[in-house]
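There are 2 protein chains.
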Amino acid sequence: MEFAEELGFLKEQVLFKGKIDAGRRFRNVVIAGMGGSGIVGKIFSEIYTEKPVTLIDGYSVPAHLSRDTLFVAVSYSGNTEETIKAAERAMQKGCRVVTISSGGELGDYGDQNIHIPRSDLQPRSAIGYMLMPFMEGFGLVDAADIKEAHKVVESLDHNNQECFAHAKRISRNKKIPVVYGAYPFSSVAYRWKTQFNENAKVIAYCSSFPELNHNDTMALAETYRKDEFYIMVFDSDRKEIKKRIAITSRLTQTKFNFIEFKGKSLAARLFYMIHYGDYLSYHLGKMRGVDPTDVRLIEELKKAL
Amino acid sequence: MEFAEELGFLKEQVLFKGKIDAGRRFRNVVIAGMGGSGIVGKIFSEIYTEKPVTLIDGYSVPAHLSRDTLFVAVSYSGNTEETIKAAERAMQKGCRVVTISSGGELGDYGDQNIHIPRSDLQPRSAIGYMLMPFMEGFGLVDAADIKEAHKVVESLDHNNQECFAHAKRISRNKKIPVVYGAYPFSSVAYRWKTQFNENAKVIAYCSSFPELNHNDTMALAETYRKDEFYIMVFDSDRKEIKKRIAITSRLTQTKFNFIEFKGKSLAARLFYMIHYGDYLSYHLGKMRGVDPTDVRLIEELKKAL
Chain P
6 MEFAEELGFL KEQVLFKGKI DAGRRFRNVV IAGMGGSGIV GKIFSEIYTE KPVTLIDGYS
66 VPAHLSRDTL FVAVSYSGNT EETIKAAERA MQKGCRVVTI SSGGELGDYG DQNIHIPRSD
126 LQPRSAIGYM LMPFMEGFGL VDAADIKEAH KVVESLDHNN QECFAHAKRI SRNKKIPVVY
186 GAYPFSSVAY RWKTQFNENA KVIAYCSSFP ELNHNDTMAL AETYRKDEFY IMVFDSDRKE
246 IKKRIAITSR LTQTKFNFIE FKGKSLAARL FYMIHYGDYL SYHLGKMRGV DPTDVRLIEE
306 LKKAL
Chain U
6 MEFAEELGFL KEQVLFKGKI DAGRRFRNVV IAGMGGSGIV GKIFSEIYTE KPVTLIDGYS
66 VPAHLSRDTL FVAVSYSGNT EETIKAAERA MQKGCRVVTI SSGGELGDYG DQNIHIPRSD
126 LQPRSAIGYM LMPFMEGFGL VDAADIKEAH KVVESLDHNN QECFAHAKRI SRNKKIPVVY
186 GAYPFSSVAY RWKTQFNENA KVIAYCSSFP ELNHNDTMAL AETYRKDEFY IMVFDSDRKE
246 IKKRIAITSR LTQTKFNFIE FKGKSLAARL FYMIHYGDYL SYHLGKMRGV DPTDVRLIEE
306 LKKAL
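Quick mapping for you: the protein sequence lines, in order, are chains P and U. Each step along the first sequence adds one to the number in the numbering used here, with nothing skipped, and position 160 is 165. Each step along the second sequence adds one to the number in the numbering used here, with nothing skipped, and position 165 is 170.
What the hints contain is simulated information worked out from the structure, not anything from laboratory work. One should not assume that every hint holds.
Chain copies aren't distinguished; within one or between two, either way the pair holds.
[Stated by the list, open to error] Heads up, simulated EDC-like pairs for lysine to aspartate or glutamate below, C-alpha to C-alpha not over 16 Å straight-line:
1. K173 to E233
2. K179 to D232
3. K308 to E245
4. K16 to D240
Extracted from the complex, chain P is given alone in its bound form (with noise of 0.2 Å):
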């Protein structure tokens, strides 16, 4: 498949009907989860607070993961070394495991599998597959969230003149791209970061507001190599964090790229904004001549381990 193709399958993804059930009583959540998979803990975590919520993106878990611990661990190969370790060692601590995969060794584990019904795509193109159970688990979407959600996702594509533009800037002079996001969407804009690495394969990097106003605004007024990144900020509709951006960008006379949420819903702006993301580091790839599904460096890391 076309990876371009690939990515407008998110359109379908948003439909799936995959449901975390979190048993009959749990006091706290932990997700495990690295890169591709990992974003869809950071990003309900965000989301959804009425419950401490805990990521682990790496070997080590929590010393109070417990009987009253629901642990969902994410991995789209269900292969992921971390995520296996850390999943082990919550059956073992007797927390309720369930697992979100397209089948490896996390396919037949703990006291939940969520199987994604495709095993072909990309981790990160797999997003929706991957965070659609946690909103319909936890009650954050309703029916015409969904279809709102599908609809804007839909309205984009590769063809998207915006994304290209963007894209285009960036390339034509080599730029760094930086991504300013805002709760509740700071984890998209490290969803951005990761697809500029992965797609387009340049660093790039991403904070959020107001956490930014307090140490990276001195930098932008003042750093070298100024003109040298290209920095995209995420619209916001609150108006303290509205006001805080407009005041950085003239107080720091830096100019911000602005991107627009498209809907209404939380889950149609957010997967909306995933989306654009997604097509923007692709043209970005594209324009750089690199391929953007190569991810053979991972590959050979993972099995030098």
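Given the coordinates of chain P, assemble chain U onto it according to the supplied hints.
Showing chain U alone in chain P's frame:
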């Protein structure tokens, strides 16, 4: 006080006996703090895993705040807008509220106020005052650890030639600092990033092993402007991380500039690495001819809000 002297004052702070009193029972910890004050929550949440820890770095507070929550508000000045708002919400929700500040609005707020005895430092230079109450309060240090931490911090000052040499190599070619940490020091890599921002006024970024093996790795191999990044990697004594670092460097053909820890205890290693980044970024600022203490724009921004 000259800034180098202010930085050197960290060795006294390590001896600070402020101690969080967690109260009789709590099921989870929530910490609010921004920028130079917020970093202590990030560090604590990486090394303390006995209970779930949730961080707030903005206006929103989690829905799960309750009488079972120990809420810690950290603001050196005591006047941080976001943190005050969060602490007010926590009081309303019946949390046990502990504040750490040198005065300001938070100075007489909450069930316990840990009073920092000096208010004339930059917030980021008061990290010891803000971090020690967590280390003491949750039993993460003993007398021997503190003694060792004091010793290694004292061994490092603005005459350190290694810090100077790194800064020189960055400054000479206007390189963009990149800092790679690993558990339990990922948050220290973030601290370095923010110190580069504020002390040297340069854009910088950080990430951590093993997570970066799932995204940055492809970029390291094929990014444009590769020679313009100066990549610093905290050495690790964990076998699997050491191996990952070596393989990543080899496969991506990237030069890593290793930063070695000093000390045996977690506290010593932690404070040593924090302090190393303080001086490295300080020197870079000096070489660039910027004033490391200047945070005028951040002050202007606060006024404009």
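So, going through the hints one by one against the coordinates:
| no. | hint | verdict |
| --- | --- | --- |
| 1 | K173 to E233 | within (14 Å within a copy, 21 Å between copies) |
| 2 | K179 to D232 | both (10 Å within a copy, 13 Å between copies) |
| 3 | K308 to E245 | between (48 Å within a copy, 13 Å between copies) |
| 4 | K16 to D240 | neither (23 Å within a copy, 43 Å between copies) |
Figure legend: structure checked against the earlier numbered hints; the only hint not met is number 4.
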